[in-house]
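Student: Position 315 (the sequence shown) corresponds to 315 in my numbering; numbering is contiguous.
Read the hints as simulated data drawn from the structure, not as lab findings. Think of the CB as a built atom: it goes at the ideal place given N, C-alpha and C, for glycine as much as any other residue. Treat the hints with care, as some may be off.
[What the hints assert, rightly or not] Result set (BS3-like, lysine-lysine): computed pairs, CA atoms no more than 30 Å apart in a straight line:
1) Lys273 / Lys384
2) Lys384 / Lys257
3) Lys257 / Lys430
4) Lys273 / Lys402
5) Lys257 / Lys273
[As the list claims (entries may be wrong)] Quick list of simulated restraints, FRET-style, between CB atoms:
6) Thr503 / Thr426: 24 to 32 Å
7) Asn525 / Pro504: 44 to 52 Å
8) Gly454 / Ala333: 57 to 65 Å
9) Ile540 / Asn443: 27 to 35 Å
10) Thr339 / Tyr538: 51 to 59 Å
11) Thr405 / Thr449: 40 to 48 Å
12) Asp403 / Gly66: 48 to 56 Å
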Amino acid sequence: MKRNKKRKIASTKNTQNVEIMDLDIEDMEWNESEPEDDEYRNDESYNSYDDRRKFLFGMTAAGAAGVIVLVIVIVFLLKNAESSRENMQLQVDMIQNGESIFSGEAGTDNTEAALGNMGSENTDDAGTDKQNAESGLDANSEIQMEVSIGALDDAQDPQNADATGNERNGAEVTVAAINENEIPGVTIGIDVSKYQGTIDWNMVRESGVEFAMIRVGYRAKSTGEIFEDPTARYNLQEAQAAGIKIGAYFFSSAVTKEEAREEALFTMNIIAKYRITYPVAYNCEDFLSTDSRQYGLDASARTELACAFLDEISAAGYTPMFYASKGELEGNAQWNTDTLSSRYKIWVAQYPDQPYPQTNASSYAGTHAMWQYTGQGIVAGISKKTDVNVAYFGYLQEAEAKDETPPETVEANPEVGIIFTEVNETVTAKQETNLRSEPSTLNDSSIVTTLMHGDTATRTGIGHNGWSRVIYNGQTLYAVTSYLTTDMADTGQQAPPQGTVYTPVSEQVTAKIETNLRTEPSTANADTVVGVLHNGEYLIRTAIGDNGWSQLDYNGVTVYAVSSYLIVQ
1 MKRNKKRKIA
11 STKNTQNVEI
21 MDLDIEDMEW
31 NESEPEDDEY
41 RNDESYNSYD
51 DRRKFLFGMT
61 AAGAAGVIVL
71 VIVIVFLLKN
81 AESSRENMQL
91 QVDMIQNGES
101 IFSGEAGTDN
111 TEAALGNMGS
121 ENTDDAGTDK
131 QNAESGLDAN
141 SEIQMEVSIG
151 ALDDAQDPQN
161 ADATGNERNG
171 AEVTVAAINE
181 NEIPGVTIGI
191 DVSKYQGTID
201 WNMVRESGVE
211 FAMIRVGYRA
221 KSTGEIFEDP
231 TARYNLQEAQ
241 AAGIKIGAYF
251 FSSAVTKEEA
261 REEALFTMNI
271 IAKYRITYPV
281 AYNCEDFLST
291 DSRQYGLDAS
301 ARTELACAFL
311 DEISAAGYTP
321 MFYASKGELE
331 GNAQWNTDTL
341 SSRYKIWVAQ
351 YPDQPYPQTN
361 ASSYAGTHAM
371 WQYTGQGIVA
381 GISKKTDVNV
391 AYFGYLQEAE
401 AKDETPPETV
411 EANPEVGIIF
421 TEVNETVTAK
431 QETNLRSEPS
441 TLNDSSIVTT
451 LMHGDTATRT
461 GIGHNGWSRV
471 IYNGQTLYAV
481 TSYLTTDMAD
491 TGQQAPPQGT
501 VYTPVSEQVT
511 AKIETNLRTE
521 PSTANADTVV
531 GVLHNGEYLI
541 RTAIGDNGWS
551 QLDYNGVTVY
561 AVSSYLIVQ
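Input sequences plus hints: build the corresponding full structure.
Tutor: Listed below in structure tokens is the structure:
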């Protein structure tokens, strides 16, 4: 049977135009036994229309998707533009407020800018849990540790008042603000300890100092006992209050990894309640001296100790940093520098003849993030010479304290770390003696008056460090105990010279590398140099002063050398 049929098919998929198509089907055999739709779909015209309908549907879907993508892009651009405007306004506000601007590092609250000659970051987070498990330490747990306070005059303190690695004292420089527009990405700071005395941190901030590395404590170089620096908490408190960003360092004499980790825990226990923004550093010196408990350790062993300390610091969320002098770092001389520089920031001590910025970079060629360029800095608010540093990074804002509990407020206390036996007795000078505002001869400005024989004062305490506390004209002052007597008729033997207290010794010494021999215990005048002592050349040391200098017999003449530059043979 043949049947002529005419069908009208309407396309309704196109939402803009509806097209009606007439299809004439002629001479087409109609098979009654097969479904009409199946036979009709075999028609070539129908297949052509079906393809067109699919094409129109695909085009419509693609158009809709394109519109959605365009909307997303526009929204993203609008948000990005708003963020840029906010960041620009933030930078403008900071410039107007006199603050430094650094590019941020994503994911850090401190927004550190790693500019210039920087050390590698310790980003090995994968090893943190393993390291914590091995050490048995939990950085998030509260650390309980019995703390001993170090004395101002402590022969066991491995950091001497004048010691800075194997470097000389460096060029004298007065610290002042540096134009940040001329030296972008550079921040200027100091490092301090008990040897700087009581500091006026507001004056320090006004001088242009942007950060301070504050010594938290030290391990005694012979006995191994850990002591808190007697000025640590006061310096952390006052520097933070003055608006100076703070970091910290510990002076190590560890001989095992367990001791190094103990030092790290000690450090974190003290700094946890302060806003530690700059790194926490490991400092280790004087290990070549025969009286050091680290004497005999090789570079590899010392490096492992440093890593044990710094890995604990890193696990607790602080930025770890390693300090050493240029001579110790170069060629892996005293440390495995390659290992340390690949894992932590490096803080190098290298003192040029002309200070920064006259000398614009350290001569140390290795990677480093901070450069200590002199130990002779003159800083407003600090009565003693101070180490000064250039950091090739900075922070937009302070870090948050790890422990939100407010720290206990502390006052500057000249007796911190001294054990006094309380007494109540009248004393006079055997002949004469200085009365000082602090029990130390490190600072001549601490001299208040002189007590002459026959004048009296009330002694209220005798310190274990050779100093007495006295009340004189209503003031609490301090005098060397051996210069005082309770016998008003005792004029004594000729009292030792006032000022520095020298302890007599008789021992053969040589220089660690080389050191100047001077006619007076001071680096203030170059013309006091009368010779140079080299390693392998020997002199007899006759006395060790509490000012960081030694008296030596040089061809029958008494000369002076920095004690920390000498070793006993």
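Student: A separate judgement is required for each hint: does it hold in the structure or not?
Tutor: Quick rundown of the hints versus the structure:
| no. | hint | verdict |
| --- | --- | --- |
| 1 | Lys273 / Lys384 | holds, 28 Å |
| 2 | Lys384 / Lys257 | violated, 35 Å |
| 3 | Lys257 / Lys430 | violated, 51 Å |
| 4 | Lys273 / Lys402 | holds, 6 Å |
| 5 | Lys257 / Lys273 | holds, 26 Å |
| 6 | Thr503 / Thr426: 24 to 32 Å | holds, 28 Å |
| 7 | Asn525 / Pro504: 44 to 52 Å | violated, 27 Å |
| 8 | Gly454 / Ala333: 57 to 65 Å | holds, 59 Å |
| 9 | Ile540 / Asn443: 27 to 35 Å | holds, 30 Å |
| 10 | Thr339 / Tyr538: 51 to 59 Å | violated, 35 Å |
| 11 | Thr405 / Thr449: 40 to 48 Å | holds, 43 Å |
| 12 | Asp403 / Gly66: 48 to 56 Å | holds, 54 Å |
Hint check: violations occur at hints 2, 3, 7 and 10; the rest are consistent with the structure.
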